[in-house]
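**Student:** Protein chains in written order, with the numbering used here: chain Y, 98 to 388; chain F, 98 to 388; chain Z, 98 to 388; chain X, 98 to 388.
Just so you know, not all the hints are guaranteed correct.
25 Å max Cα-Cα, derived SDA-like pairs, lysine to any residue [claimed, not checked]:
no.	chain 1	residue 1	chain 2	residue 2
1	X	K119	Z	Q363
2	Z	K247	F	F191
3	Z	K383	X	G343
4	Z	K127	X	E370
5	Y	K119	Y	K247
6	F	K279	Z	P220
7	Y	K129	Y	Q114
8	Z	K247	F	A373
9	X	K115	Z	P220
10	X	K129	Y	T186
11	F	K329	Y	S125
12	Y	K115	X	D354
13	F	K247	Z	Q363
These are computed hints drawn from the structure, not numbers from a lab.
There are 4 protein chains.
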Amino acid sequence: ILDEIFKGIFMSALEIQKDEEKNALLVSRKRKPEDTIVNVNGTKIGDGSQTFVFGPCAVESYEQVKAVAQSIKAKGLTMIRGGAYKPRTSPYDFQGLGLEGLKILRQVADEEGLQVVTEIVTPGHLEEALDYVDVVQIGARNMQNFELLKEAGMINKPVLLKRGMSATIDEFVKAAEYIIAKGNDQIILCERGIRTYETATRNTLDISAVPILKQETHLPVMVDVTHSTGRKDLLLPTAKAAIAVGADGVMAEVHPDPAVALSDAQQQMDIGEFDAFYEEIQRFMKNYATV
Amino acid sequence: ILDEIFKGIFMSALEIQKDEEKNALLVSRKRKPEDTIVNVNGTKIGDGSQTFVFGPCAVESYEQVKAVAQSIKAKGLTMIRGGAYKPRTSPYDFQGLGLEGLKILRQVADEEGLQVVTEIVTPGHLEEALDYVDVVQIGARNMQNFELLKEAGMINKPVLLKRGMSATIDEFVKAAEYIIAKGNDQIILCERGIRTYETATRNTLDISAVPILKQETHLPVMVDVTHSTGRKDLLLPTAKAAIAVGADGVMAEVHPDPAVALSDAQQQMDIGEFDAFYEEIQRFMKNYATV
Amino acid sequence: ILDEIFKGIFMSALEIQKDEEKNALLVSRKRKPEDTIVNVNGTKIGDGSQTFVFGPCAVESYEQVKAVAQSIKAKGLTMIRGGAYKPRTSPYDFQGLGLEGLKILRQVADEEGLQVVTEIVTPGHLEEALDYVDVVQIGARNMQNFELLKEAGMINKPVLLKRGMSATIDEFVKAAEYIIAKGNDQIILCERGIRTYETATRNTLDISAVPILKQETHLPVMVDVTHSTGRKDLLLPTAKAAIAVGADGVMAEVHPDPAVALSDAQQQMDIGEFDAFYEEIQRFMKNYATV
Amino acid sequence: ILDEIFKGIFMSALEIQKDEEKNALLVSRKRKPEDTIVNVNGTKIGDGSQTFVFGPCAVESYEQVKAVAQSIKAKGLTMIRGGAYKPRTSPYDFQGLGLEGLKILRQVADEEGLQVVTEIVTPGHLEEALDYVDVVQIGARNMQNFELLKEAGMINKPVLLKRGMSATIDEFVKAAEYIIAKGNDQIILCERGIRTYETATRNTLDISAVPILKQETHLPVMVDVTHSTGRKDLLLPTAKAAIAVGADGVMAEVHPDPAVALSDAQQQMDIGEFDAFYEEIQRFMKNYATV
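Extracted from the complex, chain Y is given alone in its bound form (with noise of 0.2 Å):
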């Protein structure tokens, strides 16, 4: 009995040093009780209002991209994502334009006076990239790809990283750890679903998974409802739910013709939806400001 309560006290030193150390995170709101606010030029991501993204999920044209930015633009935003090194399951799904699609990508921004978020997926491409783009974006796939983690951590723009399909909070938590330990703070988080069992959705959107973030760290958190849901049918009530959870900005996609996208075309919006969309969710926004 006595060595079990020694145990116990051993153990109950194990846990305060787990806590301490988990309190002793850069990220974590124990150690910066504020709020950070990213900055990409201008647009401020977590300082209580909402951030929207939209963009197709692959850039494939420059007439494509337009049709899509013109139309963020004519909604009053000012950030476009697109995906122009697209991580695949299978090698021989498209796998993106590359560089080709970054140049679109800012060609277009530029014409409309907007933000740039795509993804990259390895170190090697991040120098190119970063002429090219405004926010760079760590995907699902990637969330545990600690080497360009690091290297995320040593640009000087922001980086939006995304909860790994079966990641727990506290790996995405730490995951966010290894680009603010190498110096740079400039991390919006994304929950984007997680793998569940449930075959409905295309991953299970962990709705709670937003208040927790937002409690144990300081960084803006979005939810991207296009990857939570796989539906486009469930697009707008996610998106109410996600800014009521208390979430910084949503994400969604948006193709100007879906149905001919080389990836993904069940789930993302067309023009006249993503319109219906953003009208439906300034109508919700408009009332629930003034909580």
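Please build the complex by placing chains F, Z and X on the supplied structure of chain Y, with the hints as guidance.
**Tutor:** Below, chains F, Z and X alone, put in the same frame as chain Y:
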């Protein structure tokens, strides 16, 4: 190749049949487009307003139930929940007061003018319970206790059916069909979190299930924020998310003195927390309602 | 910091208490180090040999059961399984022949000298079933149907308890405790796959659960390879794995004409496949037995 | 209804195309029916015998690696594993010795006549590593690090590819296709447990994945029993299960002094445990081999 085509036609015929079967379900919105409104002695669930069901995890004493009931009544609410038959993982945990608990619930509810929601765990308890209960709850562990579902389909009181811990939405819908097939269409569906790998929360609230259930069935859908999260600090944000996503109501646990509760001590609100929770939800609702 | 240490001591005390409670369980090997051998009218399960339980998913007719029983008997085996009360996801699926099915099972079993294993789904069916049944099976969906467990604890026939679809091993052990706590220690545990994100198999066979259950309890442990995998092509390798990992027996489904089976048509072996399966298992066992 | 039939024919055409694509994969057994035998400087993996890969989680020192290597050699085995670049959840955990670790591995391996298996985590490390490594391991966290897969497809050394923590079997197969598509067919697949709700084990060993991978691909399949279970007491039964189910080999971690190990202290065998483990496996194999 011809073989494959015949197989294909056969498969597609199967698919069509499966869709038709789904649409033919009595709970299906294809079969009955109008919302079912569940009427609990005048309290209407599913009529476009939000219904709140609060109460202790387990009935422990008259005083305990009375304290919560008074707080519920003071808020102008009409429903109280409390467990008399408690399904517990271990046979040595508190199993509930049984029939005695039902009598306490009924007495207090009558004194305060409230409606009683309580869980029944086996067909054998149903008859004795009907004298004391206004809504029969079927819990997550019994979602596929088909004999209990059939019996609940033959009573003339509403049934609140909780989603099983690892039930798909499709299985949940078909469990409700067991009830309606026996003649009882007064069914409230309740999302209460699903079991996933994430351990930061007790279960993972599947917020997308709410709009899916609203689309696929004509039944009202509630969200139990206590069992979904198992964390008091998440009740408020998830309740807001539930309302924003389109739920017809919210359930949460309240106990006058959670520290001495015989079950689920960690996750029940005390009366003061309950007051603050409800006030904040009301503020949220007031603005949201004008949307 | 002193606060933390006191909290630590308190937590460790809790931990010690939890361990002691676990070791105090009647099913615990700490409590009773010797293996429990379940005796089914002479067939011994858990005595170091392997027991096989075969039979159709559902009882459909005398002829169907007879054909399988003859094949079982021809192999020198003594147990037959078959479902009379079928828990089915949809109320419109075949629900089993009920009492009629039990009578068929009993008649054929008597003719062939076999022991009957069959599932009982609700306390109300238990009494009538006892006249026809040698082992009462409690299925995955009812693993936490605590009233049924308690009733099964009061009968004087062995109980085969299947692990719930998403039950932890700890919950499974405690479900068995409900039975033994009422006086019945003739319990066989059965791993039958758990629900995960993987869709290549119907469930994911948790093979590690077998040695854990053997360590933590003194009860025999079987593996249901049919429901674990849902694929006929995996029955043989997983049955070998089950034996190699230390299981006391294997269950699998056999139907004289799977194509016309009223349930689970895809996953039942026909008689020829059954012969080949058993012959190969015997070859594997013969060598393995000398280990 | 005609609409539905056309849709059906279209769907079935899609299905046929999907199957054809699957069968057209270079890793597919439909495409190449004969087993691929991976040749690691004379050690053949996938030729019907079982290969064992043992070694410490992380390379810590010459002495540590030497002790394990001697024990491996004494058993007549030819492979050693050890991590030089360690992917760790937290940036503050031991990250491995890097290039220095590779040099230690190479030196010891040369002294003892062993082949080195070690994990590479990013394309940038690959070139420097090739001078020291015999088999390049791609870990679970990098299973969908597609740039790394492509680079591994262009080297002329074998690749051991571990299944991602929540990867489906289909995704695993397609990750291997990224490697073979670039010209390298010397690929060993490794099941290492998947993430589920169960917490009794670190991961859940998906034993059925082994026969499925053997059927669908022509590649050898190993099982990592250490990471699957995270428990030393389960290494032996799960290793037996892996062999019985048809795996081509088993991996497990061995450390001369696990208590002071810089990573995974709890789950590594010490030399004495390793001896006992291997002796028991040999006994099991000797009998099994005659099957």
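**Student:** Which earlier hints turn out false for this structure, listed by number in ascending order?
**Tutor:** Hints 8, 9 and 13 are the ones this structure does not satisfy, whereas the remaining hints hold.
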